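There are 2 protein chains.
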Amino acid sequence: MASMATLFVKTPSPSPSFPKTFNTHFSPALKLSIPLASKPRTRQRLRISNALIEPDGGKLVELFVEESKKGEKKREAASLPRIKLSRIDLQWVHVISEGWSSPLRGFMRESEFLQTLHFNSLRLEDGSVVNMSVPIVLAIDDAQKRLIGESTRVALVDSDNNLIAILKDIEIYKHHKEERIARTWGTTAPGLPYVDQAITNAGNWLIGGDLEVIEPIKYHDGLDRFRLSPAELREEFTRRNADAVFAFQLRNPVHNGHALLMTDTRRRLLEMGYKNPILLLHPLGGYTKADDVPLSWRMKQHEKVLEDGVLDPETTVVSIFPSPMHYAGPTEVQWHAKARINAGANFYIVGRDPAGMGHPIEKRDLYDADHGKKVLSMAPGLERLNILPFKVAAYDKSQGKMAFFDPSRSHDFLFISGTKMRTLARNKENPPEGFMCPNGWKVLVDYYDSLVPADNGKVPEAVPV
Amino acid sequence: MASMATLFVKTPSPSPSFPKTFNTHFSPALKLSIPLASKPRTRQRLRISNALIEPDGGKLVELFVEESKKGEKKREAASLPRIKLSRIDLQWVHVISEGWSSPLRGFMRESEFLQTLHFNSLRLEDGSVVNMSVPIVLAIDDAQKRLIGESTRVALVDSDNNLIAILKDIEIYKHHKEERIARTWGTTAPGLPYVDQAITNAGNWLIGGDLEVIEPIKYHDGLDRFRLSPAELREEFTRRNADAVFAFQLRNPVHNGHALLMTDTRRRLLEMGYKNPILLLHPLGGYTKADDVPLSWRMKQHEKVLEDGVLDPETTVVSIFPSPMHYAGPTEVQWHAKARINAGANFYIVGRDPAGMGHPIEKRDLYDADHGKKVLSMAPGLERLNILPFKVAAYDKSQGKMAFFDPSRSHDFLFISGTKMRTLARNKENPPEGFMCPNGWKVLVDYYDSLVPADNGKVPEAVPV
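Chains as they are written, first to last, in the UniProt record's numbering: chain S, 1 to 465; chain F, 1 to 465.
In isolation and in its complexed conformation, chain S is listed as follows (with noise of 0.2 Å):
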């Protein structure tokens, strides 16, 4: 993956015009207080670092320990209660940690809980509003409720009891899971993915608190360089001076009907005066239901796309995008939206049914196609947000390749959903020339063929992650 390595791979030595600090220099407080004129250099920081949309709550929140109190917090939590976290759990301390979620500074207490589930946004203490549409929550059980007591810390082990962080001024209240799922997804109709994995069999207590991570999360699967924190990829885009920077989110593979969306994008940006817009390809790699292409494959394919000179490695920034996926539709794009506030973005591409998924038992689709834009659009919180309403692309017979959709000659085009996508490429069938890079459609196929056929001979539709 070398090629794309040299596109988003983290800097080893930040330039030296840039201090480690990454968010020193998008503190509000500094803009106001530094008399500009005197400072040269510090003016050219602030106005470079001011083309960059505000994080939520005026400040990029980061919450890893000091090097030098490790040693000190480590020894604490030897003392403290251990909650084992599971591996979702540990994306959330990821996302919390680099502040995907500015400005919450820890798994959610209860008002925060409460005003993510009724108003998906929370208000805070300078009567401001920052959207925050999904719970990002621990579960905990009786029997740990019960080893926790009165202590008002407790230390976040992960799967090999490696100390990941400190929980402090903790909060333990009821987790009403049908409530939350209800509020969340909009139904409680069995076999939501995130639900089974991650709800129906965690605790019945949720504890909230502020998170002291002691090392950045790691998955140590050959992708971490991938994962720019919001902090690093603020500073790529301070870096490549962009003056805007347009966030695309997905799960999926890129065919050329995406790649000209973006192209496109790019191009009505420059038309609107700015000079040198850039692009977030943004996939996500937390959690994903099993039938899902998986991260390491998805990322393969996006390197051909972007070796294949599909997207412009110039203009393109890819990275990894660490939240978990809930399938949870209009209310789950708010939290990707957000998100991409934080690392930078203050354009955001959105598609027909963003985060949407079939209905689990019904023979239709979860969501209206048309909810996630509107509720995208009216969400509190995100009025700074521009949302760029997704341009259908098919595969225009007419010209042989993707292209925006004519409903005056709608008989040319063809449209290829994600389920016809990968039976072709489980049946190691070519789709039209023209719809996706060939070595991008190489990795799918090999992708489907590196799965074991299960009994009756037929490769699974779902894989497990």
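Rather than coming from a laboratory, the hints here were simulated on the basis of the structure.
Because identical chains share one entry, a pair is satisfied inside a single copy or across any pair of copies.
Below, simulated SDA-like cross-link-like pairs (lysine to any residue); rule was C-alpha separation at most 20 Å, straight line: (1) Lys275 / Asn241; (2) Lys177 / Pro360; (3) Lys401 / Ser417; (4) Lys218 / Glu232; (5) Lys174 / Asp370; (6) Lys177 / Ala369; (7) Lys363 / Asn204.
Remember, predicted model here, so these are calculated numbers, not experimental data.
Position chain F against the provided structure of chain S, taking the given hints into account.
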């Protein structure tokens, strides 16, 4: 009900100092444009009206057709497609037309419906936010949708085909019932009363639009004169020189614990420096579930409470709130509070588990008893309203009366639940002396006595409304 009528029946002719257009003196435009010093009479009116909280959106909505245009509107309606309203639909027309849901001007269009479901609030054109937590929508079925065709307006008629209103600039959109229920109630369990009554068998489409209501809604049940509109209540509060209005929503008989709370609230408001706090005792008058005590009996009971001097008629306005009941707990309590802002209340008393009920299929309460109060205190658009949490009152055996619960001598207190109260009244037993005024209690006993026993000789718990 003569004695009660003197307290809150509509004034036949408005007092000379207040014009018939009640809401004129709440208009912010008026406040800004009239030079106060030169018009003492105007100034006096403004001073008084300023004591009342401003309606949501700045101006109280009233949607009645002017007298001079009624003929024209009726002729127009005759040529329009007709939609027949259910009893609950009619209650919502009542609610919307008098401005309880200001600034709503009709049944919700999709953008309002989605904002209500996801954010419990609406963003207005000027960027400000008002609370709106329950969907106020009108369902139609496929046949009605076909009948409407391309028409941009429809006539709304009651069950006897009397013209009620014209709905104009209509928008028809999908009625996603499961999602509506899940996001409003936080459950989709079968047996939610409002869902069974008004959603399950309703049509698969919703029709939004602006209302032009031909005549104020009347029920001809002997209680219409007690149904004061928000404008009429505001006039009444102004007439009484109220400098604070505290609302108490209820759908149950008033016992001495309620009375203690209301009296104590007035005492606290006086201590805070208010000179004349007025209580709005505001029983809900729309749809209620079968085992609630019907409105007519509750009104008789409230009358006795005032006659017996448990509450002070001088500082109490009893009126009927025309909304149907959702039993949607923390979601609905916001609606109950928001509607009272529009009626002029700036203080709202909230108790344990407001608008709650038992879970329809599990042996527990549907909502956490504290969530209503918490959600209400954080709700967007209700920042202007002062939330007064309900102190717990119980029967103090040592004093032989209702008193605020004192945990330090909990053994002295007896909690009498609604179920216990109903069981006693049904069996013609008396509660402990001091629980409820004797004449009020007699109304309850009479009510249960009036019910026809079921075949098994037992008085049914469920009574059709």
